[in-house]
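Asks: Hey, can you piece these two chains together into the complex? The hints should help.
Residue numbers (my numbering), protein chains in the order written: chain A, 230 to 717; chain B, 107 to 534.
Derived from the structure by calculation, the hints contain no laboratory data.
The hints are all genuine.
Derived DEER-like restraints, expressed as beta-carbon distance ranges:
| no. | chain 1 | residue 1 | chain 2 | residue 2 | range |
| --- | --- | --- | --- | --- | --- |
| 1 | A | 477 | B | 484 | 45 to 51 Å |
| 2 | B | 208 | A | 428 | 49 to 55 Å |
| 3 | B | 415 | A | 542 | 40 to 46 Å |
| 4 | B | 477 | A | 681 | 35 to 41 Å |
| 5 | B | 477 | A | 242 | 27 to 33 Å |
Here a beta-carbon is modelled for each residue, glycine too, at the ideal position from N, C-alpha and C.
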Amino acid sequence: MTSTTTPGPVVRTAFEQVLDPADVISDPVQCRAYECDGLTGYRVTPALVLLPRDAGQVAAAVRVCADLGVPFVARGAGTGLSGGALPVADGVVISLARLKRVLEVDPVDRRAVVEPGVTNLEITAAAAPYGLYYAPDPSSQQVCTIGGNVAENSGGAHCLKYGFTTNHVLSCEVVLADGSVVTLGADTGEQAGPDLRGVFLGSEGTLGITTKITVRLLRTPETVRTLLADFPSVAAAGDVVSDVVAAGIVPAAVEMMDTLAIEAAEEAVHAGYTLGVAAALVVELDGPAEECDVQFEQVKAICDKHGCTRLHIAASPEERAAIWRGRKAAFAAVGRISPDYFVQDGVVPRTRLAEVLDRIAAMGDAAGLRVANVFHAGDGNLHPLVLYSAAAGETERAEKLSGEIAELCVELGGSLSGEHGIGTDKACSMPKMFSEDDLAVMARVRAGFDPKGLCNPGKVLPTPRLCGERPGKYRPHPLEESGVIERL
Amino acid sequence: MTGFDTRRPPERELLDDCVHCGFCLPTCPTYQLWGEEMDSPRGRIYLMDLAEKGEIPLDGPFTEHVDRCLGCMACVTACPSGVQYDRLLESVRPQIERNVEREQSDKLFRDAIFALFPYRNRLRLAALPGALYQKLRAIPAVARLAERLPGRFAAMESLLPPVSVREAFARLPVFTPAAGERRARVALLSGCVQDVFFHRVNEATVRVLAAEGCDVLVPREQGCCGALELHAGREHSALTRAKRDIAVFETLDVDHVVANVAGCGSSMKEYGHLLADDPEWADRAAAFSATVRDVHEVLADLGPRAERRPFRGRVAYHDACHLGHAQGVREQPRAVLRSIPELVLVDLPEAALCCGSAGIYNMVMPEAADELGARKAANVRSVEPDLVVTANPGCLLQIGKHLGRATPLLHPVQLLDASIRGVPVPRS
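For reference, chain B alone in the conformation it holds in the complex (with noise of 0.2 Å):
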């Protein structure tokens, strides 16, 4: 008897793809850090495979395994035979969470979480007393107090990002037209966090799209992608999160729907598939699946059209893994920091490995997540550059946690955004 419940459990033809060749272990980023087979991909489908034959249990070492699995999909890319982990661990994480008790305190923090981030409005609310916080914490007698804070809150606190409480409560002009000719209509997920503490993202989104020939529309009425929650297994509030935006954006008269936060963009383009056994939504999910693009997609496809000032320096590119793994996304961020006059792009070693930060993962799992951010800051380091850009605010939090604030992190249209407007790079 299988230890699934009915509802979407793992499938067969799937667990059976692997055929435990191996070489899926030294992408795997627990497997570097622990070297153990449970920790690998292979080993991963191995106990999803007995748990499917009802051979073992779903809570004990099943659960702590799955929960340790970053999410970060590098076992996809490097499979020879096409196993599609993404979708395995997409069907067993929310087995988890409906069918194994989670310890009361692990449970609560999780709910606190989730409690917390899907809500724009609970988040810039978090901003004030979190902008209070950062000023505060310049006193030698706070920091010391915060320097105490047990191990998952101390993660917590060490992730908060520089909190502009003028920027938490700043909107997205709701159409932005296109300069000059228009070469397409967008929509774009401004999303939770991204907007709340990455406004400026946002913004300097909105102005690339408009420069390049966007008409670009950021409806109000949209909310959290649900991302979060469906990477955890919370699947239930994130579908009912996906509807919602999907509802907001079928509505509008646009070419593509565009995420500029790797994890988003992966997750919407997923809806279709989420949503292909509810009978009032498939279609719909479909449709709106098929419009999404990461903004590097959008503007590789576009080529460039407005004029660019140079940029001298260095620039280290990180591959966020919802980018590159999930959704196959690597040459056209390239392609897009190229088009900037003598910017000198260089690759990270081991760039296919994940920096830790992984959704909620820094914050449930602490210790992998450092170990991981350390490595990727040391990975950084090598290669000397004067600025590194990665298209994921988890990664810039986790990465400048890291790398300390020598040298600037950014996201990819931020850079951009400077060299078509000649105004100098910011530091954030």
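Extracted from the complex, chain A is given alone in its bound form (with noise of 0.2 Å):
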């Protein structure tokens, strides 16, 4: 009758006996509050969800599941951008956000042991006393997790110079899928054997659950340099970015937003963006004042040689807050100039971002729709943001434009994720840049870690049911608009 089961209560009885009874929800309204992640175009509401409060709980509630079958799909803040926290129907959802203790700073050894629904910026808030602070920096600082970014292997504005997630997570602390408990890594850093830790790293919660993490942290910079310059073109913007990498800078960060960020991002947070431009670049360099210093003024020429109109430069902390501020708002801020979007997460090779910029434009002008680009210029990670309106009937042209950017990303030798991960959005996608064997291999250690197909079941490998959908915003299922189904 229903897409959702209510559980049996053997079930709920099961996990109930190791948890608080209060923490197991099965009220069919207040689980579909957790029927979707940051990507609303996948809906499936779960058979329970359960809160567990530290990570001997997790770890029962995991052996549940195994004893009974149940498949279960953990959630930090749900803030993904790739359904990676999509529910299983007759699953259960582990909510990891009550496991929030940050365990230790040690500014000795540079590391923090945390719990994973730490959120990003409250590492770096518990190490600031110190001097220190933690480098990755998604967009979604300030709510994402540092579970979710061990799971996504998340990356940020500063993961040009200083690298992703793996780049800073020492060990982890992980429940397998049988409900054990292991350490991967080690807080030494360096290990004899294979690297596991890097394995779990960027796995998508489909090998295990982490509970404890231990991260790197590195000195907060002695002077950091940001500046906001505006051009006349797309291609005069990346055409900066290649020349400073070429010059041998690596700057913190080079990000670049075009003229419909701008407007979004403005609208936003005032943070005095130049409306109406064709791009700006965020170029922001740290590090010994020395050397920021010369490093800033090669960067300002670069930008005057290639026609900048206008060049700012933050004079406080305070402006330079508000430059980022934009930056890191821009994805919810489209919500502001366009009903409907979907993101896109493509990567290219750095020098052929002018050209596949060009052709993205070219793209939406032939579809019809308004595509607004805002993304990390110097490593390449694309984020097209592709405009809709829902009502208007522009969904099945939008997410067909939406394929084709990432399928033209893999076409120019680039990926089809930076760093939002498959999830369940890109599964059917993998095809294109892996072969055969490739998903063989990769389905054989996932297989390795999760016998029975516990963990995060039917995302990122393809699966024949989830490519027989169209992905996209959700829509009634053929059989729920005849009346024979309903949802509940």
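Replies: Structure, rendered in structure tokens:
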């Protein structure tokens, strides 16, 4: 009758024996609040939501899942953009939101031990009194959790210089699919033998649930210099990026936004972006003051050489913060200029930035849709946002364009995803990038960790069921429309 | 079929503005407390969306999670997509009050609150036994009895402000002339709870405004502004009060109608929107709302004129949610405080987080309110202030309850008043 199955009392009772019964949510209305993450196009109501309070309860809950053959999906703040935390019907969601203690900050060895529900920014806040910080900075850093960052191997604006999450996680305590607890990696950094920590990082919740993470902390840079430069064309801004890198400068971050993205961000935060320009670059340098000053002059000269129309240098930490607020709020801010949008996450070699942007613009024109671009230009990680109106019947066209853009990135020698993960969203595109052999090896690794296939099933690797459905925003199943079935 | 009735259901476009990014989660007090999606702004909007589509009923979990919202509007500040959660909540709460049958005990408790608080004269009468009770409370046997009160009543008891009978029955002058050259002519909302339990704040407000060059009018016919009812979804009686106050204030020839209570100012600024579909009142309400200012807005706009004596000490300013989040008034109170020489202004950690007062919240949801109150008090202690100031009586009582008596708690105008008059700063 319905897509939701009420769990048998046996299953619920089993969880209630290892968790406080109040922390086992079975009310169908309450469970619906968990039916999607940051990608709302896919929605599945879980049978139960579990809210464990410590690592022991997580392990106990997973053991129950293993014993009873119940699939489970871990969830942090639910901000993922690839549907990685999409629940499984008849399965449980294990929320890590209550595991949010910073267990230890060790300023001498420069590391912190945290629970998975701690937000990315809270780690930096805890480290700040010692002049330290946690480097990877996804744009959602104020809300996304470190557990989710580990699952997605999240990046961020400053990963150009400092590397992704995997470069900053020393070890993880992991609850495996059978409920056993292991530690992957070591607090000392390098470890003999296969790098299982490296396998786990970025496995999108398919190999286990992390319950304790030891991260590396860095010293807060002595100097930070930030500039915002406007350009008459996206190509000119792209050339600046290539020239800066060719000059041997490693900026902390190089971000680009186009006209539409600027309009949205400026409307949201009033950070002083110029409305109407074709492209804006945010370039940030950090490090020792002398080095920063010299390189900053070089960057300014390169900007001028490529026809920069306005160059604004952040004069205070507040101005710098405002520039970043605009950049980091850009995705959500696009909600102000379009009722609906798809976010892509493709990567291209940096040298092909101008080319890919020209082609995206042409594809957008051909499809009659607007595409906003906001991206990590320094490492070629694009985030084209295809704007559309579902109410105006543009969904299908937008979906097609979005898929074509991702595949264009692969065609140009890049990747389907830079940092948002494959999740549910791009699982069907995996064969465009990987051979059958590649995918078979991935499946075998996964089966090694999770032989029963209970751990976030249906994500990352394509399955026939998933690929039979079209991606995109939620739309009723044909049987739902005809009144044969109903959603609860 | 939507579960809402036809009177102002949450608007589809407003629901669609939410892109589910989750930027609101860290700033939401209930998500901070419980870590449950349904008790976050994103989750509540999700449930509103389902209810609007008729996929879930209004009673049960939907009402439970909307009830648990403090209405602090921190999410509105945090939202990059410009979601108007304030408007959504404002339309959903009356829907619940009209269409969901509450449990008898809950209904009686809420009715009792609203039979007392908006009425100045009833509050004055209540102040008499209140004052007597507080004297008796010093007797150990009475104190022991008080400790055995059940949850919600214990919460009310512990929030009872120090009652002074003299203060409860005092009245503000109807007209106070500006000192020196007049710079503005304003009318003051004296309020209900404020005028009975915090009359001293009203007196200080009148003195400060006059000292800064304002003629101050306090019409006797005015009543409660309806904020408490409005924020709890009792729309009909709130709007009746709104109309009465509009009628009283619109006859006065003033530049501004001034509020010194965050919640009152916020709701009076909303009258225009709330009465927009009432042909008789729409224009009058819009015109009225356009004149409403928080007292700090007026003082900051005028700029300091009266001489200030120094205050040597650290002053922590707590942003009342209905001033910071709901009205966007954050800089002006700070500017006003900085006009006092030698005063050291300190900000609080987690400043955007509600203290748990939230209108009637700390009476109907005492456990959650206590956790938030304790957290706010810990944040206040961490900056070691000599004095805490905030512009809302609810916050003053709530923070006072959790902070204890060691640190004086005042409305900012009380401090400014003492500075201008050159008298010692009061203890409360």
